[in-house]
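Enquirer: Below are the chains, spelled out letter by letter.
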Amino acid sequence: MPEWTLGKVTNKYPDVPYEEKERLFLETKADPRYPGYIYGCYECGICVSACPSARFYDYSPRVIAQAMAREDVERFYEIMVEDICNCAQCFSCVRCPRQNNPGGLVTIIREMAVRNGVQEARDVLQGYTRVIYKVMLKGNQVSPDMLQPDFFPDWGPWVAGFKGNMKAWRQAIPVDTLRGVTDAAWRTDDETLRELYTIWFETGNIDIIQEVDEGLYDLLVDVMEEELEEWE
Amino acid sequence: MSEKVLIIGAGPAGLEAARTVADLGYTAVMVEKRDRVGGTPDEFHYAQLTHHFRDSEEAMNELAAAATASANVELLTSSQVAALEGEVGNLTATIQNGSGSKNIEAGAVILATGFQHFDPGRETQYYNYYSFPDVITIADLEGMLKAHQVVRPSTGQPPERVAFIQCVGSRDRQIGNEFCSKVCCGIASKQAIEIRQQLPDSRVMIFYIDMRMYGYWENELYWPAQEQYRVNYVKGLVSEILPKGDRLLVRGEDTTMGRPMEVVLDLVVLSVGMEPSAGTRAMAATLNIEQNKYGFVAAGGSTRIDPVATSRPGIFVVGAASGPADLDDTFSSAGLAAARAIAAIRRAG
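Protein chains in written order, with our numbering: chain A, 1 to 232; chain B, 233 to 581.
Everything labelled a hint here was simulated from the structure, so no lab data went into it.
Quantities reported herein were computed from a predicted structural model and do not represent experimental measurements.
You may find that some hints are simply not true.
Claimed, not checked - The calculated lysine to aspartate or glutamate pairs, modelled on DMTMM-like cross-linking and capped at a C-alpha distance of 20 angstroms, are: (1) A/K29 to B/D433; (2) A/K138 to A/D150; (3) B/K467 to A/E191; (4) A/K29 to B/D404; (5) A/K134 to A/E78; (6) B/K467 to B/D433; (7) B/K467 to A/E71; (8) B/K414 to B/D404; (9) A/K134 to A/E71; (10) B/K378 to B/D274; (11) A/K12 to B/D433; (12) B/K467 to B/D561; (13) A/K12 to B/E459; (14) A/K12 to A/E120.
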């Protein structure tokens, strides 16, 4: 353990060599967004008080900002493995007086974990195979009528009202889309789909999927290539 | 009746008071115990001044030249005030030097005898300052920074890992210094920046209770130290320093991370606070003015809100003789006391 790391033996993941943790840390820091996401940390806790996840989970955006500001490699790795999935990416934390963006740091660390095929990222994403499948093939996942007041407390007290009258609300929208229930949300037109698939291929997004889930990758590529070939 | 202002102490506070008295057309007599002017910044070879990073020697020389070049300023070095008799407008001071004593008439007195750095060996042997050569104070570090020779005293080699410990001798009921020394947060941050400038491969951390970076110290010192120079601030004080091979192991709690911590370091810098100087204590007794429970001169006067008034009319106190003060405070009080002293003389006349 490097002598600079604070804490009495904080090495919770001794099987991963320090050099690998440091490589992931340095790669995270090298992200072009990084300098604008972390300046210094007062450890004031305003990000935690604003964070919906912190009220439900053992999760603290302050610790993330702090660990990065202190360049604590071991803590960084713990965050990558244990914490980043607890962030809802709502960015309530950006009210930081130093203009830090802990949620943005989480974005970078998540991408880093997925891109590097970190085992924990694979494990977490395993449960989301269907979600990823839907999002990548249809462009969305949650449709409005899936709203459950108990699971979306941060949406405020109106959720219950919307939920109760969802059908009426949807009918009131004059545009002929999303009027139906769940399956209507997934009725995406062909041109949109082709653009979507092209984006996944062109941006390398599909390669990231391959890194974490080979089976899902094969499934997605089959469908998307067929659609794109048909179009050509 | 005398129109002279007697100024005791020729550090930044005394020099600035003398310069202002002279600029206002009155005469100042400056009495200095040492054989030269410049006070503590000169005696301890301060590197750069907090908060604006001006070269200390250059700034003090400019100030000294401005004060002593004036025909209205008389300087008596290697001299001390042994007694003061009389009332405002009509005071007689007995001045002693190596060759004897003489009397000086004055209308008012400005006391500018300053502070001394807290001695980490006082009462308890704080952090083994006198046992471990690589435990130093911010006062010791100033000289190293000035000479661009920041080294571990034990080896003469530059340190790779340095930590500051804040509030040594301040905010501590056990020691009897319950007050905040006001400047150490800024000085430690300034010094941390200087270390990182002089030794770019070093790592620096600061263990603190609260960081008190009032006003522009925030953006001039604290933020650059953290953001530009990557100084690590850890809220939590060190309980003990132990030898570890030829290095030092410090123990404390990282309170915001909620866990104990141990760090191995090459150099530990104690951010020692301010205490009244021996001269301040002695002069307060000689001039028969009230001191507070810490030995500083009690300021405030009968109104309690005049920062340069003492318990004795016509005697004014400036700078760190009345309590912890930075240079901005010191210059402000020096100018104010010069004006007050002249006003007192005019009123008495």
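Enquirer: Run every hint past the structure and note whether it holds.
Expert: Results of checking the hints against the structure:
1. A/K29 to B/D433: holds (18 angstroms)
2. A/K138 to A/D150: violated (27 angstroms)
3. B/K467 to A/E191: Violated, at roughly 56 angstroms.
4. A/K29 to B/D404: Violated - the C-alpha atoms of B/D404 and A/K29 are around 40 angstroms apart, more than 20 angstroms.
5. A/K134 to A/E78: With a Cα-Cα distance of about 30 angstroms, the restraint between A/K134 and A/E78 is violated, given a limit of 20 angstroms.
6. B/K467 to B/D433: The given pair, whose Cα atoms are some 24 angstroms apart, is violated under the 20 angstroms limit.
7. B/K467 to A/E71: Within the cut-off at roughly 16 angstroms; holds.
8. B/K414 to B/D404: Status holds; Cα separation ~14 angstroms.
9. A/K134 to A/E71: violated (38 angstroms)
10. B/K378 to B/D274: holds (11 angstroms)
11. A/K12 to B/D433: Violated, at roughly 28 angstroms.
12. B/K467 to B/D561: violated (27 angstroms)
13. A/K12 to B/E459: violated (28 angstroms)
14. A/K12 to A/E120: holds (14 angstroms)
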